[in-house]
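Protein chains: 2
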Amino acid sequence: MQPTTRRVFLHAAGAMFVAGVGQRETTMYGVNGKMTTTPGARDAVVALLLEGTTAMPGCLSYIVAHDPANADAIWITEVWDSEASHRNSLQLPAVQAAIAKARPLIAGFSDRVETVPVGGTGLVGARGA
Amino acid sequence: MQPTTRRVFLHAAGAMFVAGVGQRETTMYGVNGKMTTTPGARDAVVALLLEGTTAMPGCLSYIVAHDPANADAIWITEVWDSEASHRNSLQLPAVQAAIAKARPLIAGFSDRVETVPVGGTGLVGARGA
Numbered sequence: 000m001q002p003t004t005r006r007v008f009l010h011a012a013g014a015m016f017v018a019g020v021g022q023r024e025t026t027m028y029g030v031n032g033k034m035t036t037t038p039g040a041r042d043a044v045v046a047l048l049l050e051g052t053t054a055m056p057g058c059l060s061y062i063v064a065h066d067p068a069n070a071d072a073i074w075i076t077e078v079w080d081s082e083a084s085h086r087n088s089l090q091l092p093a094v095q096a097a098i099a100k101a102r103p104l105i106a107g108f109s110d111r112v113e114t115v116p117v118g119g120t121g122l123v124g125a126r127g128a
Numbered sequence: 000m001q002p003t004t005r006r007v008f009l010h011a012a013g014a015m016f017v018a019g020v021g022q023r024e025t026t027m028y029g030v031n032g033k034m035t036t037t038p039g040a041r042d043a044v045v046a047l048l049l050e051g052t053t054a055m056p057g058c059l060s061y062i063v064a065h066d067p068a069n070a071d072a073i074w075i076t077e078v079w080d081s082e083a084s085h086r087n088s089l090q091l092p093a094v095q096a097a098i099a100k101a102r103p104l105i106a107g108f109s110d111r112v113e114t115v116p117v118g119g120t121g122l123v124g125a126r127g128a
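One line per chain: the protein sequences are X and B, in this order.
Going left to right, the first sequence walks through residues 0 to 128 as numbering that gives the first Met the number 0 numbers them.
Going left to right, the second sequence walks through residues 0 to 128 as numbering that gives the first Met the number 0 numbers them.
There could be a bad hint or two in this list.
Said to hold, decoys possible - Under 7 Å between C-beta atoms, here's a sample of chain B residues computed to sit facing chain X: (1) Pro56; (2) Ser81; (3) Ser84; (4) Ile98; (5) Gly119.
Unchecked claim - Not close to chain X: a few residues of chain B, all C-beta gaps over 10 Å, as computed: (6) Ala64; (7) Arg86; (8) Ala99; (9) Pro103.
In short, the hints are calculated from the structure, not lab data.
The C-beta atom is built at its ideal place from N, Cα and C for all residues, glycine as well.
Pulled out of the complex, with its shape left as it was, chain X reads as follows (with noise of 0.2 Å):
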């Protein structure tokens, strides 16, 4: 390979390279989970949740749900454009004034499961949506 051919190469594998962390970057970001809040306090934790999520960047679906089976626990799916979007999330003013109201009615969370999103119905803003 001649110097000059190498570097060509070299750069168009460091393009490569880079645009590999970009997809990575790029790649969504999902979180599902159960919690559980102190007896009674189900309506106003999900109140809390619904306010305090309405406008986080990045963030392309965000579900609160009952569980049918326990009048305590709440199901939240959240999908992100990235990991990034979803940590960041948790500076926000409005999320952080939800955390601090909602923290003495939560007893715990159980279920967590991080997942990689690929496409589907409802994500509110991604690309091709």
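Put chain B on the given structure of chain X with help from the hints.
Chain B only, in chain X's frame:
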């Protein structure tokens, strides 16, 4: 209670009962779960799921995700405007075609949870969305 008063009372109670039934009928319905494919078949099954679920009446969210911890596992989270819409979707030709093609590639289901979604971001076509 006079007969006329009683009639009015019973009529009002009847209307409230009907309204109550109506509200239950329009309660959203959610189902979350994990599907495991035969080895190496995840991409094929994901493609079938995404193709077969694009036009399902009453479907407010249907998100397909990879499990980052298992190369053969898929997480599916669904929200419907009613449990009936979910049930009816299983009779749609596109859904039945996808099920028929996917069946030999599916090794099993687990972690199934039914929920009652109450709000959030990404409920396509839901009231207030």
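These are the hints, each one checked on the structure:
1. For Pro56 (chain B), the shortest C-beta to C-beta distance to chain X is roughly 12 Å, which exceeds 7 Å, and the interface hint is violated.
2. For Ser81 (chain B), the interface hint is violated, since its Cβ never comes within 7 Å of a Cβ in chain X; the closest pair sits about 14 Å apart.
3. With 7 Å as the threshold, the beta carbon of Ser84 (chain B) stays out of range of chain X, its nearest partner Cβ sitting at about 13 Å, so the hint is violated.
4. Restraint check, Ile98 (chain B) versus chain X: the minimum CB separation of about 16 Å is more than 7 Å; hint violated.
5. Taking 7 Å as the C-beta cut-off, the interface hint given for Gly119 (chain B) holds, the closest approach to chain X being about 4 Å.
6. Not every CB of chain X lies more than 10 Å from the CB of Ala64 (chain B), the least distance being 4 Å, so the non-interface label is violated.
7. With 10 Å as the threshold on Cβ separation, the claim that Arg86 (chain B) sits away from chain X holds: the shortest Cβ distance comes to roughly 16 Å.
8. Annotated as non-interface, Ala99 (chain B) keeps its C-beta farther than 10 Å from every C-beta of chain X; the closest such distance is 20 Å.
9. Distance check on Pro103 (chain B): its Cβ is at least 21 Å (rounded) from any Cβ of chain X, clearing the 10 Å threshold; non-interface status holds.
In the structure shown, a violation is registered for the earlier hints numbered 1, 2, 3, 4 and 6, in ascending order.
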